[in-house]
Amino acid sequence: GAVVSQHPSWVICKSGTSVKIECRSLDFQATTMFWYRQFPKQSLMLMATSNEGSKATYEQGVEKDKFLINHASLTLSTLTVTSAHPEDSSFYICSASDSDTQYFGPGTRLTVL
Amino acid sequence: GNSVTQMEGPVTLSEEAFLTINCTYTATGYPSLFWYVQYPGEGLQLLLKATKADDKGSNKGFEATYRKETTSFHLEKGSVQVSDSAVYFCALRGGSGYSTLTFGKGTMLLVSP
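Listed in order, the protein sequences are those of chains F and E.
With our numbering, the residue at position 37 of the first sequence is 31, and numbering never jumps.
All you need for our numbering is the position in the second sequence, starting with 1, plus 1.
The hints are all genuine.
Capping the alpha-carbon separation at 25 Å, the derived lysine to any residue pairs in SDA-like fashion look like this:
#  : chain 1 : residue 1 : chain 2 : residue 2
1  : E       : LYS106    : F       : TRP4
2  : E       : LYS106    : F       : LEU40
3  : F       : LYS35     : E       : THR21
4  : F       : LYS35     : E       : LEU49
5  : F       : LYS8      : E       : GLY42
6  : E       : LYS106    : F       : MET39
7  : F       : LYS35     : E       : VAL112
8  : E       : LYS69     : E       : GLU9
9  : F       : LYS49     : E       : GLY95
10 : E       : LYS78     : F       : THR95
11 : F       : LYS14     : E       : THR101
12 : F       : LYS35     : E       : LEU111
13 : E       : LYS78     : E       : PHE19
14 : F       : LYS14     : E       : GLN46
15 : E       : LYS106    : F       : GLU57
16 : F       : LYS8      : F       : ASN64
17 : F       : LYS14     : F       : HIS79
18 : E       : LYS106    : E       : SER73
19 : E       : LYS53     : E       : THR27
20 : E       : LYS69     : F       : THR95
21 : E       : LYS78     : E       : GLU64
22 : F       : LYS14     : F       : LEU68
23 : E       : LYS106    : F       : TYR52
24 : E       : LYS78     : F       : GLN36
25 : E       : LYS61     : E       : ASN23
26 : E       : LYS106    : F       : PHE85
27 : F       : LYS35     : E       : THR101
28 : E       : LYS61     : F       : ALA(-4)
29 : E       : LYS61     : E       : MET8
30 : F       : LYS14     : F       : TRP4
31 : E       : LYS106    : E       : THR6
32 : F       : LYS35     : E       : VAL83
33 : F       : LYS58     : F       : ASN45
34 : F       : LYS49     : F       : SER12
35 : F       : LYS35     : E       : GLU77
36 : E       : LYS69     : E       : LEU47
37 : F       : LYS35     : E       : GLN82
38 : F       : LYS35     : E       : ASP85
Worth flagging that the hints you see were computed from the coordinates, not collected in a lab.
Here the structure is a predicted model, which is why all the values come from computation and not from measurement.
Taking the hints into account, I'd like the entire structure generated from these sequences.
Quick look at the structure:
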């Protein structure tokens, strides 16, 4: 089946720094990519939806200047958490969609000290 | 809007027991329905899906039938294994051309030897 990779799988950073997370669809071209955030023992919260070559659409309450999304190609999207703070610590999961199904990456555990 | 309701967990079973995790949905139009599984510390994996009424999705011994009359998509497995311990998410997509997945809150399954 379709494979989506994320890098890094975990990252620890200091408060105030920026962190970039990459999401790649390895064996298919993704028309749309999604970024989710998951808190412990909770469901996934959609942060934003992006289509290749266009600006991301952010969900209500998600700061677009803090969570920068770039969808440079049909196989790559990046999420940059700018000026990270401890409350940004979470599990971030990307998803890539072909015409019908969403496939999820393995997630990135971000810890901000 | 779209919504998904899952039974709350955790569901605790002994190995080889029968599993049912209930899922009902609310949506306009004709959504596609999915079950995703999340193992500890990992992202989501697509377990099975059904795209129209009366379709049965199946994979790895799990199955679920799209019941439009009861707006349900219950997940079943005849004999669970310890390795099935995970969190299971029911989700729907579309219904009126909207491509974002709507997730239930997830149900944790714990299988003991």
